[in-house]
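**Student:** Quick note on numbering: the sequence shown equals residues 234 to 704 in our numbering.
Just so you know, the hints here were simulated from the structure itself, not pulled from any lab data.
Since this is a predicted model, take the numbers as computed values, not measurements.
Beta carbons are placed, not taken as given, at the ideal position from N, Cα and C, and that holds for glycine.
One or more of the hints may lead you astray.
[Said to hold, decoys possible] Simulated restraints on C-beta separations:
id: 1; residue 1: Val-271; residue 2: Glu-339; range: 50 to 58 Å
id: 2; residue 1: Arg-285; residue 2: Gln-460; range: 37 to 45 Å
id: 3; residue 1: Ser-336; residue 2: Asp-378; range: 18 to 26 Å
id: 4; residue 1: Glu-567; residue 2: Gly-444; range: 34 to 42 Å
id: 5; residue 1: Gln-480; residue 2: Trp-316; range: 26 to 34 Å
id: 6; residue 1: Ala-568; residue 2: Pro-337; range: 49 to 57 Å
id: 7; residue 1: Arg-621; residue 2: Phe-329; range: 41 to 49 Å
id: 8; residue 1: Gly-311; residue 2: Ala-703; range: 42 to 50 Å
id: 9; residue 1: Gln-571; residue 2: Trp-316; range: 12 to 20 Å
id: 10; residue 1: Asp-661; residue 2: Glu-574; range: 37 to 45 Å
id: 11; residue 1: Ala-703; residue 2: Glu-567; range: 23 to 31 Å
id: 12; residue 1: Ser-397; residue 2: Leu-270; range: 26 to 34 Å
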Amino acid sequence: MRLILLLVVLGLSAPLSADYFSDEDLAIARELRERALVRDGGFDVVEDLTTRVGPRLAGTEADARAVAWAVELLNGLGFDRVWKEPVTFPTWSRNFERVRVTSPVEQRMEALAIGYSPATPEGGIEAEVVMFDDLDALLNAEPEDVAGRIVFIRNRMERSRDGSGYGPAVQARSRGAIVAAEKGAVGVIIRSIGTSTNRFAHTGGMRFDLGQRRLPAAAISNPDADQLERLIALGEPVRLHMEIDAQKTEAYTSHNVIAEITGATSPEKIVALGAHLDSWDVGTGALDDGAGIAIITEAGRLILDLDRRPDRSIHLIFFAAEEVGLWGGRAWAEAHHQNFENLQLGAESDFGAGQIYEIGARVLDEAWPVIEAIQRELAPLGIDLGRRQASGGPDFLPSLPHGLAVVDLRQDGTTYFDYHHTENDTLDKIDPVDLAQNAAAYAVLAWLAAQSPVDFGSGPALLEQERSRAQ
Numbered sequence: 234m235r236l237i238l239l240l241v242v243l244g245l246s247a248p249l250s251a252d253y254f255s256d257e258d259l260a261i262a263r264e265l266r267e268r269a270l271v272r273d274g275g276f277d278v279v280e281d282l283t284t285r286v287g288p289r290l291a292g293t294e295a296d297a298r299a300v301a302w303a304v305e306l307l308n309g310l311g312f313d314r315v316w317k318e319p320v321t322f323p324t325w326s327r328n329f330e331r332v333r334v335t336s337p338v339e340q341r342m343e344a345l346a347i348g349y350s351p352a353t354p355e356g357g358i359e360a361e362v363v364m365f366d367d368l369d370a371l372l373n374a375e376p377e378d379v380a381g382r383i384v385f386i387r388n389r390m391e392r393s394r395d396g397s398g399y400g401p402a403v404q405a406r407s408r409g410a411i412v413a414a415e416k417g418a419v420g421v422i423i424r425s426i427g428t429s430t431n432r433f434a435h436t437g438g439m440r441f442d443l444g445q446r447r448l449p450a451a452a453i454s455n456p457d458a459d460q461l462e463r464l465i466a467l468g469e470p471v472r473l474h475m476e477i478d479a480q481k482t483e484a485y486t487s488h489n490v491i492a493e494i495t496g497a498t499s500p501e502k503i504v505a506l507g508a509h510l511d512s513w514d515v516g517t518g519a520l521d522d523g524a525g526i527a528i529i530t531e532a533g534r535l536i537l538d539l540d541r542r543p544d545r546s547i548h549l550i551f552f553a554a555e556e557v558g559l560w561g562g563r564a565w566a567e568a569h570h571q572n573f574e575n576l577q578l579g580a581e582s583d584f585g586a587g588q589i590y591e592i593g594a595r596v597l598d599e600a601w602p603v604i605e606a607i608q609r610e611l612a613p614l615g616i617d618l619g620r621r622q623a624s625g626g627p628d629f630l631p632s633l634p635h636g637l638a639v640v641d642l643r644q645d646g647t648t649y650f651d652y653h654h655t656e657n658d659t660l661d662k663i664d665p666v667d668l669a670q671n672a673a674a675y676a677v678l679a680w681l682a683a684q685s686p687v688d689f690g691s692g693p694a695l696l697e698q699e700r701s702r703a704q
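Make the full structure from the sequences, and use the hints.
**Tutor:** Written out as structure tokens, the structure is:
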């Protein structure tokens with residue numbers, strides 16, 4: 234009996250969603266959730282994008298077609314405003330890459346040039362291979378052990394639900410060619426940053442500063458990396474031939490595409506949902522990030538279909554040039570950071586189409602109970618309450634130093650890196666049921682954030698809170 238009374242008291246003392254939102258707002262959130270689950274999550278959107286446009290490497294003709302496609306789509310859906318904002322960046326394109334072992338055996342390897350890799354001299358380069366366990370091992374190597382050789386960095390990405398294996402592994406791709414160049418290498422080969430055991434190479438970008446020497450660099454498939462390790466283990470010198478034909482240009486202007494559902498009472502205050510429109514030039518960019526485009530479009534479409542407008546405005550941002558350096562996110566932060574106090578929060582969908590299992594947020598302390606209330610409306614979708622920290626997604630990273638409040642709707646990425654940045658990132662990898670769960674979550678989040686009784690704290694107040702905690 235005492236236990237029953239205790240449970241009743243605890244239940245009465247726990248905050249309820251109704252403590253923060255009106256009955257009507259909660260009813261609408263639940264309507265959005267249920268309507269989303271009987272639809273296809275915007276599968277028609279990603280199907281159309283990957284079919285009509287296909288791969289959309291930033292700075293190419295396909296990029297321009299994707300921008301035109303997005304403007305036509307969003308206008309056709311009836312958003313209150315649709316506009317473009319310029320994004321300028323250096324472009325890169327590949328023609329071909331060839332990697333093969335020439336000694337002690339002859340064997341072709343499945344490879345993709347890393348984004349912004351320079352071309353090799355005509356006819357390619359051939360050199361002995363020197364292997365390193367990871368980037369740190371290369372950093373600690375003596376230049377005489379590297380000079381004149383092709384560096385092979387063999388670190389393997391670990392599979393995980395939250396994708397946490399990506400960050401440590403990707404350093405080999407993003408920085409390996411710069412470090413190897415400083416030590417006198419002539420080229421770089423890395424094990425693909427991905428979890429696939431199939432013979433697909435994973436591309437991706439490298440970091441560089443203007444004027445920095447860059448080396449020809451390519452990623453080989455995991456099975457080919459295993460084979461290269463075995464050959465090196467035999468103890469004989471292993472020689473590789475690599476040939477890359479690629480170009481980098483100085484500047485190109487693409488566009489972020491933004492659509493607005495104008496708020497009814499506080500239109501100047503904005504909830505921003507993001508995804509990136511560009512992709513790599515392999516596969517069709519279905520998971521990365523056609524799925525994100527579909528998810529936020531469907532969330533916006535569900536809210537547009539309501540009989541009333543949200544109190545605050547909701548923006549859908551189709552970011553440009555994410556894959557080649559977060560250029561769209563940088564441009565958006567630069568253009569809007571002085572108005573961040575009117576930005577309720579940002580949340581980007583850029584992790585494929587796996588089901589969302591958790592919500593986390595970077596908000597003011599007084600807004601955290603509202604996040605808890607939103608999670609209670611997401612709980613029927615299988616979404617738990619997570620950490621009081623978030624990044625908001627890659628394209629919102631440049632906005633974090635300006636104090637943007639952000640939410641993470643964390644997706645199951647167990648299989649995402651099997652396909653990430655490969656020829657195998659195609660429409661058949663998307664499950665419409667999972668896509669619908671994502672769209673439901675983003676629709677509920679956007680609606681309730683727009684109806685929140687408090688602001689989430691973007692701007693100086695959030696930065697001050699974080700400084701105080703760090704002391």
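**Student:** Which hints, by number, does the structure contradict?
**Tutor:** 4
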